[in-house]
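Participant: One line per chain: the protein sequences are F and A, in this order.
Whatever position you read off the first sequence (first residue = 1), add 728 for this note's numbering.
Whatever position you read off the second sequence (first residue = 1), add 7 for this note's numbering.
Among these hints, one or two may not hold up.
EDC-like, lysine to aspartate or glutamate: derived pairs with alpha carbons at most 16 Å apart [to be verified]: (1) A/Lys-107 / A/Asp-188; (2) A/Lys-107 / F/Asp-815; (3) A/Lys-35 / F/Asp-859; (4) F/Lys-971 / F/Glu-986; (5) A/Lys-35 / F/Glu-863; (6) F/Lys-911 / F/Glu-882; (7) A/Lys-110 / F/Glu-863; (8) F/Lys-958 / F/Asp-932; (9) A/Lys-35 / F/Glu-820; (10) F/Lys-958 / F/Glu-999; (11) A/Lys-110 / F/Asp-997; (12) F/Lys-838 / A/Asp-13; (13) F/Lys-941 / F/Asp-755; (14) A/Lys-185 / A/Glu-104; (15) A/Lys-37 / F/Glu-820; (16) F/Lys-838 / A/Glu-27; (17) A/Lys-185 / A/Glu-65; (18) A/Lys-277 / F/Glu-798.
Hints in this document: simulated from the structure, not taken from any laboratory.
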Amino acid sequence: MPESLISARGLTKKYGDFTAVDAIDFDVAKGESFGLLGPNGAGKSTTMRIIAATSQRSSGTISILGRDPEEHGPQIRAHLGVVPQQDNLDGELTVSENLFIYGRYFGLSKKFIQNKIEELLDFAQLQDKRDAKVEALSGGMKRRLTIARALVSEPDILMLDEPTTGLDPQARHILWDRLFRLKETGVTLVITTHFMDEAEQLCDRLVVMDKGKIMAEGSPLELIKQYSTKEVLEVRFGSDRNKEVAPILREMCSRIEELPDRILMYVEDGEALLEAITAKKLHPTTSLVRRSSLEDVFLRLTGRSLIE
Amino acid sequence: MNQGIDVAKIRSRGATYVAEARIAQMMKWKGIIAIVAIGNPLFYLVAIGIGIGVLVNENSGTSGTGGVEYITFIAPALLASAALTGALDEAMFPVMEGFKWRKLFYAINATPINPGQIVLGVFIGAIARVVFTVVCYWALLIAFGVVTIGQSWDVIPVTIFAAGAFAAVIMGITASVKNEDYFMTVLNRLIIMPMFLFSGTFFPLNTMPVFLQPIGWISPLWHATELGRYFSYGYSISGTMLLVHFSYLIVMMVAGFKLANRKFAERLAK
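Okay, chain A solo, but in the shape it has when bound (with noise of 0.2 Å):
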């Protein structure tokens, strides 16, 4: 017996050893990841913060947006619409390519490490990408002028926090899926697209028709968002919607674990 192997210890770090291929594979598309890390924010900056927001503060002020410029509003927002793609990538992507593209996890499954240590890696794996944009973003929003440094890095840890509800919840789903080819196309279309739109990410949610609220309420980005807003520029919150906007996502999170955890114990049995 190979007497170097210490499953007491692969039982405590398993999950380690998964983000680290995680990470491994996420480097060769380094240029990538950094291109869309730094380039996003640069362009909806300059696009949509300066761009829109000088028409939108000729034209109203900053009675909209509560007091602040158009896109000291926007910024949060655009900060946890990027920390959630980026998780989105790295949850969905890694789960498909798992069970389906190439089977990785049927070849980690044939080691010590267990379904839940997959599940964790892959998650560690996604905040990594996640923790990894989100400084870039806030980095240029310092740059940019739009926050300052002292009042807004908490913005940090709750951004980072809702992404990764996000990724629990979209690994948990992910591995539910058989039919990716449909799965992709309607996620993308119909459920993140709207998400973006809907999610009081560039006016307040109490702007649309109440029909079209529900898309926010239940969409975590825009949970993310208000969480971002009133760490990142002191925006108004009542205590109770912020313990509705932590509790949304802690759920989220519970939940996305709890289904990730059932489908891929199920279907590594297989």
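One chain only, chain F, in its complex shape (with noise of 0.2 Å):
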């Protein structure tokens, strides 16, 4: 077994009456991928503060660097890369200022500093941008940035909140790209997300989580194994008929989805269904056969859409 270097059980965090995280366990290997997938409010923010030793559990116990939170916070601090889910940099100040600062924080050297920048400035493809001011970025610059910024103490752990939410698909693609590079080097990722397909393709393992607990874990492939089909044949019939057609369906296949707008049809061949389908004359105004995704297993395990 790899060594653990996020380790929790029961781990609980309350406010007031509400419990936001309900006792959880879980464990990060070193080198590993590990996301927390779940919508919004199910508790992984918490939870990655609660890892980040700057918010502390109400009970449970965890263990990050093989320390406790809540004696040696500052300890734990000094080899975590925090990328908060609102990018917090300074827009007055330049890029290369931003990095320059952060690595102070740390207590690192002005010259381990220097250098570091330039490895980072490489890395985040922001060398023509050193100088620029930060406020000037755009969203997929700021992200790069930030997580640059994360970076400069070359912490054992990269902790990602929501990476890419808010920026536009070519941004996500090559923030994807820059994350996927650093897990090649074996830094240890911890990701929250509500996307399936950012999971799917940044994930070595994931907990799913809803309403402050967890609900399964695993690798996304094994996650689709265990909670859904090879394939989902999704049919639309127009939002009247939807209904009128769904108990038809039923019976053709082991389970099905009612969405408002369309009906999942969970099966190992998609189109033989579809063909069975037409053959009773119930022709559909629009179908689709895909494979599973998290998001299925995530409707699975909740009856509920992942981002609604």
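Both chains come to you apart, so use the hints to assemble them.
Facilitator: Now the structure itself:
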């Protein structure tokens, strides 16, 4: 078993009567890319803040890099890189100044930081923006800079809270590429996301969270295998007819999900099922056969969509 | 693990790293800071000191100002008010920015630096600005022949100390505020402005009706002004009052730090 960098047992966080994180257990191994997947309000960010040693748990135990954050906050934070949900860069300062100042918070020498800045500007593809004011950067650039900033101290664990939320598709793909490279160099990543494609791209292993609890755990592939079928057939009959046809469709496969605009049918062979439906002269207005995704896993586990 | 990170060193020097960052941020505004630090005393000394001063001295001599020229009387008060205004800028805006506008404090809080060190670092940054402001002002007072170096140098540390007490309180209050829209307007128009007018800046506080005098008593500016007069030209103050002025400012400083430390820790732990 590889060395465990983070280990939580019965981890709980309450705000008054509200339980944000409800007795969860998880481990993150060294070099692993670990994901927390769930909708907004599932308790992912709260869990991240506890791991980041900035918010204290209400009960349970957690060890990060072998230490208890309640007693050793600064020692733990010294070896974490944190990328918050919302960029908190200093817009008045330049790209390189932001990196420099952040390095100083770790007590690093000026020389070490200067060398590191070069490396990070290359990594974040911001070499030509080094003297640009941060305010003037695009959303994707700011995000890359925030990640670069988190790496200035050469952390053992990089924590990313919703890394690509709010970015356009192109910027997301650039970011995924950067994070994938990091992963290849052996950095341990802890990522929260409510995008299943992001989780599939970046996470070796993930937990699905909902209402403060862990609903399932495994690699994206394992989760799909365990909680869904190989393929999904999506059919639309128009909002009025969907209800009418649903009972007939229900007879034709082991599991269906009725969404407001479409019906999802879980099967091993989508095309065959579509032919069977057409043979019954049901003629959907549109149809699509696709592979199962984590979205389907989430739907199965919670009865709800990830993005509502 | 990055072996270059020394947590014990950060524990002792963390606040200076925060102060370094604050000064780097201020350097982006160095032009404006310099214009304010030099322009402000220049305008006041010319307009009020010389302009109004001539009027005052011609009409009532020096009887109302305890035997000194009007400009000598108001110079320490203007110095104190410039120092406190500088302290206000560097104690209020960074805290707003840190918690709300850019959330910079949350970024610092993710490093080994703790909330108390952020408080101290921002405070040191504010003091740096105050030192610059006070030294510029004092140099102009010397240049205008309002005070002499030998007699008045000790007004510098005293004024800086008073501005520090004010900065600590402002940091604590700002950190306690959730909605800054009203806060800044109220603070500027209803607290800072009256404080400036009713702190014995332009005329001795005891010439005011008794019911208005308490505004001066609670105002750090009045205490700073009284001390400034004492140290810059030998204005007479009883030993008891000296003690009162210093004690008041010390209490402000301690209470301000306590409140700021508590509020910073609370907000950053959420």
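Participant: Look at each hint and say if it fits the structure.
Facilitator: Hint-by-hint comparison with the structure:
1. A/Lys-107 / A/Asp-188: 12 Å, holds
2. A/Lys-107 / F/Asp-815: Answer holds: A/Lys-107 to F/Asp-815 is near 12 Å, not above 16 Å.
3. A/Lys-35 / F/Asp-859: Distance of about 13 Å is within 16 Å: holds.
4. F/Lys-971 / F/Glu-986: Measuring from Cα to Cα gives roughly 8 Å; hence the hint holds.
5. A/Lys-35 / F/Glu-863: 13 Å, holds
6. F/Lys-911 / F/Glu-882: Holds, because 13 Å separates the two Cα atoms, which is no more than 16 Å.
7. A/Lys-110 / F/Glu-863: This hinted pair holds, its Cα atoms lying about 14 Å apart.
8. F/Lys-958 / F/Asp-932: 20 Å, violated
9. A/Lys-35 / F/Glu-820: 7 Å, holds
10. F/Lys-958 / F/Glu-999: 12 Å, holds
11. A/Lys-110 / F/Asp-997: 51 Å, violated
12. F/Lys-838 / A/Asp-13: 14 Å, holds
13. F/Lys-941 / F/Asp-755: Answer holds: F/Lys-941 to F/Asp-755 is near 15 Å, not above 16 Å.
14. A/Lys-185 / A/Glu-104: With Cα atoms ~12 Å apart, A/Lys-185 and A/Glu-104 stay inside 16 Å; holds.
15. A/Lys-37 / F/Glu-820: At roughly 13 Å apart (the allowed maximum being 16 Å), F/Glu-820 and A/Lys-37 satisfy the hint.
16. F/Lys-838 / A/Glu-27: Within the cut-off at roughly 12 Å; holds.
17. A/Lys-185 / A/Glu-65: 51 Å, violated
18. A/Lys-277 / F/Glu-798: 14 Å, holds
Checked against the numbered hints given earlier, this structure breaks hints 8, 11 and 17; the rest are met.
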